[in-house]
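Q: Chains as they are written, first to last, in the working numbering: chain E, 292 to 705; chain X, 292 to 705.
Treat the hints with care, since some could be wrong.
No distinction is drawn between identical chains; accordingly, a pair holds when it is met within one copy or between any pair of copies.
Unchecked claim - DMTMM-like cross-link-like pairs, simulated, lysine to aspartate or glutamate; straight-line CA separation at most 20 angstroms:
| # | residue 1 | residue 2 |
| --- | --- | --- |
| 1 | K557 | D615 |
| 2 | K587 | E413 |
| 3 | K612 | E580 |
| 4 | K401 | D391 |
| 5 | K315 | E524 |
| 6 | K446 | E463 |
| 7 | K485 | E504 |
Treat the hints as calculated values from the structure; they're not laboratory data.
This one's a predicted model, so the numbers in the text were calculated from it and none came from an experiment.
Protein chains: 2
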Amino acid sequence: MEYIEQLGANAKSAEPEISALGTKEKNGVLSAISAALRTHVTQIIGANKLDIEQARKNGMSEAMIDRLTLTEARISGMADGVDKVISLPDPIGEVIGGSDLPNGLHVVKKRVPIGTIGIIFESRPNVTVDAAALCFKAGNTVILRGGSDAINSNKALVNLMREALKSCGCNENAVQLVEDTSRDVANAMMKLNKYIDLLIPRGGGGLIRAVIENSTIPVIQTGEGNCHVYVDESADIDMAVDIINNAKTQRPSVCNAIENILVHEKAAPELFRKLSEKWQGKVAIRGDEDTAKFVKVEKLADDTDYATEFLDYRIASKVVKSIDEAIAHINRFGTKHSECIVTESLRSAELFQQRVDAAAVYVNASTRFTDGFEFGLGAEIGISTQKLHVRGPMGLEALTTYKYLINGNGQIRS
Amino acid sequence: MEYIEQLGANAKSAEPEISALGTKEKNGVLSAISAALRTHVTQIIGANKLDIEQARKNGMSEAMIDRLTLTEARISGMADGVDKVISLPDPIGEVIGGSDLPNGLHVVKKRVPIGTIGIIFESRPNVTVDAAALCFKAGNTVILRGGSDAINSNKALVNLMREALKSCGCNENAVQLVEDTSRDVANAMMKLNKYIDLLIPRGGGGLIRAVIENSTIPVIQTGEGNCHVYVDESADIDMAVDIINNAKTQRPSVCNAIENILVHEKAAPELFRKLSEKWQGKVAIRGDEDTAKFVKVEKLADDTDYATEFLDYRIASKVVKSIDEAIAHINRFGTKHSECIVTESLRSAELFQQRVDAAAVYVNASTRFTDGFEFGLGAEIGISTQKLHVRGPMGLEALTTYKYLINGNGQIRS
Chain E
292 MEYIEQLGAN
302 AKSAEPEISA
312 LGTKEKNGVL
322 SAISAALRTH
332 VTQIIGANKL
342 DIEQARKNGM
352 SEAMIDRLTL
362 TEARISGMAD
372 GVDKVISLPD
382 PIGEVIGGSD
392 LPNGLHVVKK
402 RVPIGTIGII
412 FESRPNVTVD
422 AAALCFKAGN
432 TVILRGGSDA
442 INSNKALVNL
452 MREALKSCGC
462 NENAVQLVED
472 TSRDVANAMM
482 KLNKYIDLLI
492 PRGGGGLIRA
502 VIENSTIPVI
512 QTGEGNCHVY
522 VDESADIDMA
532 VDIINNAKTQ
542 RPSVCNAIEN
552 ILVHEKAAPE
562 LFRKLSEKWQ
572 GKVAIRGDED
582 TAKFVKVEKL
592 ADDTDYATEF
602 LDYRIASKVV
612 KSIDEAIAHI
622 NRFGTKHSEC
632 IVTESLRSAE
642 LFQQRVDAAA
652 VYVNASTRFT
662 DGFEFGLGAE
672 IGISTQKLHV
682 RGPMGLEALT
692 TYKYLINGNG
702 QIRS
Chain X
292 MEYIEQLGAN
302 AKSAEPEISA
312 LGTKEKNGVL
322 SAISAALRTH
332 VTQIIGANKL
342 DIEQARKNGM
352 SEAMIDRLTL
362 TEARISGMAD
372 GVDKVISLPD
382 PIGEVIGGSD
392 LPNGLHVVKK
402 RVPIGTIGII
412 FESRPNVTVD
422 AAALCFKAGN
432 TVILRGGSDA
442 INSNKALVNL
452 MREALKSCGC
462 NENAVQLVED
472 TSRDVANAMM
482 KLNKYIDLLI
492 PRGGGGLIRA
502 VIENSTIPVI
512 QTGEGNCHVY
522 VDESADIDMA
532 VDIINNAKTQ
542 RPSVCNAIEN
552 ILVHEKAAPE
562 LFRKLSEKWQ
572 GKVAIRGDED
582 TAKFVKVEKL
592 ADDTDYATEF
602 LDYRIASKVV
612 KSIDEAIAHI
622 NRFGTKHSEC
632 IVTESLRSAE
642 LFQQRVDAAA
652 VYVNASTRFT
662 DGFEFGLGAE
672 IGISTQKLHV
682 RGPMGLEALT
692 TYKYLINGNG
702 QIRS
C-alpha cells in the first residue's frame, strides 16, 4: 500500500508546520478557502454533475442523489460554514493545567493539535470541506476518504482547499484526499498507526462498525442514536406527547431523534390516546402486546425492532412496569447517545440520570438538543457515543490533545 | 466464547450498583481489601509458591521469577498501595462544566465512571491489586487478565478482593479474574465491545502491540518509552552529563529512562569526554560514526538500535548538525513518551517544546520525572503514549468519563 503510506508520510511531514501556525495564519487560509468556494461555484457544480451522472447510471436512489448533489446554495452554505469556523476561538495553546513541583520543576499542561486525523465518510461532499476546516483550525493535518460516488466533487473541493493553502504559503499537504477509493486502500488507511493519530468515521452504522472492527488506530465512534423517551408514572402527559412528537418527527433522519418510547403502565392509557390523536397514523408504531392494547401497531415489536435506528416515521414502543425496567431496557438497547425521561418526580429524575448510561440524559426536554451548536460549542464534527476522549457533541476541543511542558534547571531524580 | 461473555455480562450487570457507590462505601471496600491482604499473607504466599515452582519447571529466568515472587514485604506494599488509593480524592461526581442555555435548559457536565475496564497484563501479581483498586475507586468494574504464570497468585488475590466486596455488601463482580488464560479467551476479550468499555494493557511492547492490533475496544496505549536527551550547542555540559546519567542509569528498566542521546556536533567533544569519565564503560554505547570519533562504541548504531527500548545499561547515540535534525530524529524514532533538551538558549528550548511530539517535553531536567506520583496525581495506572483521552501519567481521572445531565420543563426543538 505505497499509495496510502505516501499520503500518511506527506501529512506527518506537514504536521510540525501546521501545528505551529498562529490563529491569524490559520484564519487566513480558511478565508482563502471560503473565497475559493464562492468564486468556483461553476467548476464545483461541473465536477459534481459527473458524480451525479455516474450515480444515476449506477441506479442510486433519488434520496441518496439528493445528498450527493451540490447547488449554488449548498456551496454557499459550505463557505458560510468555513466562515463560522473562522469565528470560533482557537483552542490551541490554551494552558489547561500545571504547577510548580516541590523540586522546582515548572509544569505547564498545554492544549496542542492531535496531529494527523483521518476522516472516513460517505458520499456527502459537504462533509469534505466542513471536516477539513475544523481539523485545520485545530492545527491538524487531515486525510479525507470520502465515498467513491462523490470522488469528482471531492477532488474539486480538495484541490480548491490545497490551492488556498498554497496561496497562503502553507504546506498543501495539510489537506489530502484519498483518490483511490478502493476497499483495500481504506483498510490499509485504518492500520496506518505510524502516520494517522485518530480516525473519525462519519456516516451510518455500517460504516462506523466497519471502521471500529478494522482500525488499529484510535477511533471516535460517532453518530448512532437509538434514543428513547421514557414516560414515567408521574409524567405530565401533554408534555410527554409534545416531547415525543418533537423528538420523533421534527427531523426523523438524524441521530438525536428518538426511535423508542417506553411508557409506564399507569401512564399508558392517556399517553397513547393523546399520542394517537396527535399523530393520526403519521408514525408507524411497533409495540409490545401491552402497547397494542392502546394503539394500532404496525407489527408486534421484537428485539430487532428495539435495536433498530429507524431514522424514519416509525417508532418502537414498550409498556413497562417500573422505572427500573425502563432503565434496564435503555442500557441494553441504547447506543449511549441521548435518552429522556418525562416525569414530575424528583426521585425518578435523579435515578434516571444517575443510572442511564448515555452521553446526554434529559429530564423533560427533547433529545433533539444534543448538538454542538445547541450546546454552544459553535461547531460540531460529530456526536461521540463512546466514553473515551470525548462524549456527546464534539467541537474543536475534541480535535486537540495536550502535552506537558516541563522546565527545570538541572533537576535529576533521586 | 461463552466463558468470557459471561464475565462481561457479570461486570455489566454490576455496573449500575458500583457506579452509584459513594466515596465512603468505596473506601470501606478498599479498607477491607487492604486488611484482607495483611491478614492472609501466608495464604497468598502459599498460592504464589505454586506459581514459582511451575515457573522454575518451565525454565523461567531468575529476573522474571523475581517479578513474579510475592514476599511478606511485597504484600504489605500492596496493602499500602490500597491505603494510598483510599486517601485519594474521589473523582466521581465532579461537575466539570455546564451552563443554562438560552432556551432555559440547565446543562451539567458531570464526571462519571467509564463502566467496565479490562486490564491485560503480564505475570506481575502486584498489578492485580493495584489496577483493581484504582478502577474500583473510580467507580468502575474491572476484568483482570494476568499472565498464566501468575494464575494461582492472581486467583488468591482476586478471591480476597471479592470476599472483601461481599463482606461490605457489594456486588463481588466488581472485580473478576479471567481464570482461563488461553490466547483464544484473551482474543475474545479484546472484542467484547458489548461489555467492556476500555482496555488497558500493562506490560512490554509486544503485549501492548498485540492488544492494539487485535482489540476492537478502545485501548489506552501505555508504557513504551524510547526516550531521548538532546544536548544542544549551548548546553551546560556538566548539567547534560548529570541529566543523561540520571535518566539512563538511575533505573534503566523503566519506561521514562532514556534510550538515546543526540548531541550537537559543537557540544560533542566535551560531552563525550565528560560522559566517558562518568560512566567508565558502565553503559554500552551504540553510536553513529561521529560518536565513535569521541567514545568507544559497542557497535555502530543502525535504525534498529535507534528504535529499540534497551531497558538496560545500553544507549544509542547520534551526533547531529542542528536542533532541527534532533527534532526530526526524535519525531521519527520516539514513542511520544518523554523527551529532553539540555540548553541555555531560550529559542532552542521553545522550538524543542513546540515541535517535539511527546507527552512530556523537558528543558534541563531528567525524563525520569514523568510519573503519576511526581506529577502529583497521587497514583498511576500507567503512562499513556497515545493522544486520545489522556496523555502522560494516568491518575484516577483517566479512569473516568463524563455525561451531560440536562433538565428542562418541556423544551422542544423548533
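Q: Within a copy, between copies, both or neither: which one fits K401 and D391 at a CA-CA cutoff of 20 angstroms?
A: within (14 angstroms within a copy, 28 angstroms between copies)
Q: How would you classify K446 and E463 at a CA-CA limit of 20 angstroms: within, between, both, or neither?
A: Close inside one copy (14 angstroms), not across copies (56 angstroms); limit 20 angstroms.
Q: For K557 vs D615, is the C-alpha pair at or below 20 angstroms within one copy, between two copies, both, or neither?
A: within (15 angstroms within a copy, 72 angstroms between copies)
Q: Under a CA distance limit of 20 angstroms, which applies to K612 and E580: within one copy, between copies, both, or neither?
A: within (13 angstroms within a copy, 78 angstroms between copies)
Q: For the identical chains here, do K485 and E504 meet the 20 angstroms Cα criterion within one copy, between copies, both, or neither?
A: both (19 angstroms within a copy, 13 angstroms between copies)
Q: Please sort K315 with E524 into within, between, both or neither, judging by C-alpha distance up to 20 angstroms.
A: For K315 and E524, neither the intra-copy (55 angstroms) nor the inter-copy (33 angstroms) Cα distance is at most 20 angstroms.
Q: Given a CA cutoff of 20 angstroms, do K587 and E413 count as a within-copy pair, a between-copy pair, both, or neither?
A: So K587 and E413 fail the 20 angstroms test inside a copy (37 angstroms) and across (58 angstroms) alike.
In this structure, the earlier hints numbered 2, 5 are contradicted, and the remaining ones agree with it.
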